[in-house]
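All chains, please: the whole structure from these sequences, using the hints.
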Amino acid sequence: MEKKQLVSPLIEYMTSKEMITDVTTPISESVKQVQLTFAASGIYGLQIWKPYYFNPDTTLNGSTIKGIQAVTTTEVNPTPDGSSTFNADVYAKLLLWLVDSGGDVVTTLPLNQLVASSSNTIGTAFPKVQRFSLKDIVWQKCYVTIHDTVGITAGESLYLNIYYNDKEEE
Amino acid sequence: MNNLIIKRSQIVEFQFTGTPATLKRYGALPNPQLQRNNVILYGIECFTAAQLTATPTGNTVIADADKDQVVVTLVDTNKDQFIYNFPITSLIRSDVGGFVTLFKPRLINLNDCYVQLTDATGVSQDEVVAFNFYYQLVGE
Chain Z
7 MEKKQLVSPL IEYMTSKEMI TDVTTPISES VKQVQLTFAA SGIYGLQIWK
57 PYYFNPDTTL NGSTIKGIQA VTTTEVNPTP DGSSTFNADV YAKLLLWLVD
107 SGGDVVTTLP LNQLVASSSN TIGTAFPKVQ RFSLKDIVWQ KCYVTIHDTV
157 GITAGESLYL NIYYNDKEEE
Chain L
72 MNNLIIKRSQ IVEFQFTGTP ATLKRYGALP NPQLQRNNVI LYGIECFTAA
122 QLTATPTGNT VIADADKDQV VVTLVDTNKD QFIYNFPITS LIRSDVGGFV
172 TLFKPRLINL NDCYVQLTDA TGVSQDEVVA FNFYYQLVGE
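Protein chains in written order, with my numbering: chain Z, 7 to 176; chain L, 72 to 211.
Bear in mind the hints are in silico, worked out from the structure with no lab data behind them. Quick reminder that beta carbons are idealized off the backbone N, C-alpha and C, glycines included. Worth double-checking, as some hints may not be accurate.
DSS-like mimics (lysine-lysine), calculated; alpha carbons at most 27 Å apart, straight line [unchecked claim]:
1. Z:LYS141 - L:LYS175
2. L:LYS175 - Z:LYS23
3. L:LYS150 - Z:LYS23
Calculated Cβ distances over 12 Å to all of chain Z for the following chain L residues [to be verified]:
4. GLY89
5. VAL146
6. ILE154
7. TYR185
8. SER195
Covered stretches of chain Z (in silico footprint by chain L; criterion: 3 or more residues with CB under 8 Å from a CB of chain L, positions within the stretch not fixed) [said to hold, decoys possible]:
9. 43-53
10. 154-168
Set out below in structure tokens:
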């Protein structure tokens, strides 16, 4: 007789509603990197509370965002274009704002919570990526704010891994 | 092991207005999106200055050293205090093995939720305790 795993109705309900997931399940079908490099002046000049908008991204705009990871100096440094990433401590000073096609802020997150190798870690051997289920995000409307520029240097980059599923594959 | 998927989230602040006092109830700062009683809360996370130095409204978040002096009470739309005097340390991800605290989904009444200080030592006037509420809207 086939063995069937017992699952509580509450877990089954929350799983079906995409409120929870097993942390060992695959995250997404694709992943891409998004980079935002800060400067001494201009649009990306360092300033507190200023919204730093991301560039339009036609791949991500039509996709379902399944996970986001803030990449630190522990994972990659420098980035492919040669700029430095942030160390994990700096991320407590940044907020990520994700906005949908209607202009609503869907989620506001301290970037510290998206670092897979520090506070978001089960023990030390099992870093995990924060999961999302966001179907209507418009990337050029999303932005980052900084609360405190101490410790952030012009030329350093915010570097994110965005895990996504293509719309056609959903 | 299950952990939370973010569908929607909002940062909610509870501010210690006036001289911080033990066991006084401090309510949430206005948050129109979460105060319409159509919010199904299924997870919550707390932040100290170690996770977030300042909130989107510019308020200073309490020091990490003070996290063992605060408890939170959450109330649903039936006026049920389904989380009562819960230590916020148990809601800080890095203190609970990297997990976000999950609830049986229920309609939250943010107007009636509050935090209390069990000890006001070290907490300054107008500092806030910040939470991220993970939710979906009714009908979604």
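Structure-based check of all given hints:
no.: 1; hint: Z:LYS141 - L:LYS175; in the structure: holds, 24 Å
no.: 2; hint: L:LYS175 - Z:LYS23; in the structure: holds, 12 Å
no.: 3; hint: L:LYS150 - Z:LYS23; in the structure: holds, 25 Å
no.: 4; hint: GLY89; in the structure: holds, 24 Å
no.: 5; hint: VAL146; in the structure: holds, 21 Å
no.: 6; hint: ILE154; in the structure: holds, 16 Å
no.: 7; hint: TYR185; in the structure: holds, 22 Å
no.: 8; hint: SER195; in the structure: holds, 17 Å
no.: 9; hint: 43-53; in the structure: violated (count 0)
no.: 10; hint: 154-168; in the structure: violated (count 1)
Comparing the model with each numbered hint stated earlier shows that hints 9 and 10 do not hold.
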